[in-house]
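Student: Going line by line, the protein sequences match chains A and B. Numbering follows the working numbering, in which position 106 of the first sequence is assigned residue number 106; successive positions increment by one, without gaps. Numbering follows the working numbering, in which position 344 of the second sequence is assigned residue number 344; successive positions increment by one, without gaps.
Simulated from the structure, these hints should not be mistaken for lab results. All C-beta atoms in this analysis are idealised placements derived from N, C-alpha and C, irrespective of residue type, glycine included. You can take every hint at face value.
If you want the footprint, here are the derived chain B segments under chain A, 3+ residues with CB under 8 Å:
id, stretch
1, 101-111
2, 159-171
3, 266-279
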Amino acid sequence: MRSTVLFVLLAFCCRPLLAAGEVHEYMLDNGLKLIVKEDHRAPVVVSQVWYGVGASYEHDGITGVSHVLEHMMFKGTDRHGPGEFSRIIAENGGSENAFTSKDYTAYFQRLEKSRLPVSFELESDRMRNLKLDDEEFAKEVRVVMEERRLRTEDKPTSLTYEQFMATAFTSSSYRIPTIGWMDDLENMQLADLQQWYDRWYAPNNAIVVVVGDIVPEEVLALARQHFGPLKPETLTAPKPRVEPKQAGQRRVTVRVPAEVPYVVMGYKVPVLKTAAVDWEPYALTVLAGVLDGGSSARLTRELVRGSQVAASAGASYDAYARQSSLFLLDATPANSHSVESVEQALREQLQQLQTEPVTQDELDRIKAQTIAGKVYEQDSIFYQGMVIGQLETAGLPWRLKDEFVERINAVTAEQVQAVAKKYLVESGLTVAELDPLPMDGDKTAQNTAAGGGYAH
Amino acid sequence: MRTSALLRSLPALAGMAACWLAGPAAVQAMPAIQHWQTDNGARVYYVPAPELPMADVRVVFDAGSARDASQPGLANITNHLLDQGAAGLSANDIAGTLEGLGAELETGALRDMAWVSLRSLSSDRHLDPAVEVMGKVLGQPDFNRPDFERERERALVSLRRSEQQPSKVADYRFYAAVYGEHPYATRPIGNADSLQAMGVKDLRAFHRRYYVARNAVIAIVGDIDRKAAEQLAAGLAGRLPEGERASPVPPVTALTVAVDEFVPRPSTQTHVRMGAPGMHRGDPDYFPLYVGNHILGGGGLVSRLFREVREDRGLSYSVNSSFSPMAQNGPYTFSLQTRNDQTAEALKVLRETLKDFHDKGPTGDELVAAKKNITGGFPLRIDSNSKIVEYLAMIGFYGLPLDYLETFNDRVMAVTREQIRDAYQRRVPLQQMATVIVGGEPAP
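Chain A on its own, in the form it takes in the complex (with noise of 0.2 Å):
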């Protein structure tokens, strides 16, 4: 899990004194929404096509499958074979990858300016034309399985957080791991996938952004001629499944063999998307500054290298997730410290949060942080895209982002303390502990010669 200051990451900026341009806007006849910002740096571009699918689209027995997809999208359509994609990129100078997370799937290429008809020649064509074979679906998804247990499985806090998620949501699909249960990847079928692409990728699912060296009239031109002739698909959103109210603390121990222990906590908090009080989600923000906004901020200070219970201590929140998410805390406790302590450790910064209003230093940090943040993004192109994509497949408008740090700026200590009293309660908290078990096996290592020991 991550533990950096996210609302610094997500801070942004239009300053039109600064190289980076204005963001254009445009929507096709067929509903895909095309976002444009210029930037004049470099002669480089990167495309970015984002779908509304994710882990959190899904449903039990076909959980991975959003993911599972991204993977067979390289695997080739009428036009292109298996892999072609991948060489017509890398012969145009570019990198390429994708990734899926619980809100979307998302592809992208960074090239040299003049390559991104390139893009969106590949990316329009495998929009509506993926071929699904099950040849190469039988070894791409031994592939998946194969980063399944290189992330989870032998990753004793990656499967005590996989395993915190489902303790924490019940009915909410957030509940779903987005690389899939090991046995759903086993038993998924080439036809999930194809009634899975089928549903989602089409042009009115999609949003285009383009981030570069570019001049907008003509990306939407291109745009235009590329994806413009795509057919729509009618969309059926998937059934909200909202969390029901939870009704007190939630506990859940994983006992794999591992070195060190680890605990993870979360409350069950609003989103920007869900949030019936439109400044809570910043006050989260905020909050998540205030004990994790850096080497200076609370949980370091007063855990790390005031009491020194921890080795390392984090806090974040998401304000841009689709549906109402968890306020997250983990530690990992120092040597001849427990778990408990360090949990205990946590909870006591929380009850000052509660009772105490944050210091104006803390607010002013906070301030400074995220002004600068929004500079300091404008360094990668990558990045500018990254904000609006998420942003828009939360569902929100990417111009929220220009109200960032208005927003931050305003959120007063008071504030701060009526989140911290309304959503850190008992009845809304999950934890999860990592106990160790022994490692086993023999640990020295055994040495031979050539030709000795191991295959060849």
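Chain A is fixed; fit chain B onto it per the hints.
Tutor: Just chain B now, with coordinates in the frame of chain A:
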């Protein structure tokens, strides 16, 4: 097939306005690197970047773990303690001042380099106080005993945690197997015994010896003019004694036999690292080896290894090979991970793919495609201040020519198939490789 695919995308190009036809790999104006030395011998590399009101300052010392001598972890923890107390300021003071300005300070150390990086808004009222703190951190760290003991405890937790991650175990075991008695063999973070035996006097002595102006490279990129950059560099270097440059890291001796090591772990997957000492920065074989490896296992989603191991057989999520050029020959590393019972098969494919490339070199088509990818993608390498400041530090640290970036594409284009094959024959010893395997027992 590649050619026809490209052709199919051409009609799209033809339909566009003329500006889209800027031609292949349009030449980008290189950032003109300015270079000078401070009065006390720190080497400065500077590129103005007035587009954004921010500045990046990266100070790099020849003070990585290659300088640990008999105390593994000393370089790393010395670097780590720099911002935990300096010139009487506490860790809270240092972090509080910087973060209150919106500045970001980062420290780090690997085998060759130890660094301190600052990112700040470039207006005087932000940059000046941030650089003031950075200077104290570089030149006047306090190395207070309680801070040291706390950070040592945290390092011990990190060491223990890395034992539950098979990839981390594979990485450090691999370096140990490849480098034997060479200083590159040990982990930058050290080991429990050496950390326990260390004291603040060791850190102070290390800092005195290596954090000196003649052992420093200062890289600056941002919205500050030359005069301000000169003052900034002189101010930072002025915090350091002149001192002496570190002596060269001893050369690496090649492996004489193959080394195979199996480290059992209770994991569902087995992690494989295979390789040998590779090449150094400024190596005469750099470009043939770099381009060759791009084709074999470096080129992202289109390398031979990616195709053979992942696309054709579904054996591994990530599979790649990479050279890590260092002051002396850094490792050439092949890496993959697969379900325990598939290890033998994956290793066989890996070895056969390498052997075939080693024997025959790349095909003409592969070489053309690799050159197009590397040179066509060149603008992406330098499209942000953060990337440029890292290049400056690297160029300065390893003494590469100032026109390194400018001539990069030409040198890639000049590489031939025969040069790649020849370089692999001479530099990649198939019979003397270290293979480290970490994971569950293979099925009988």
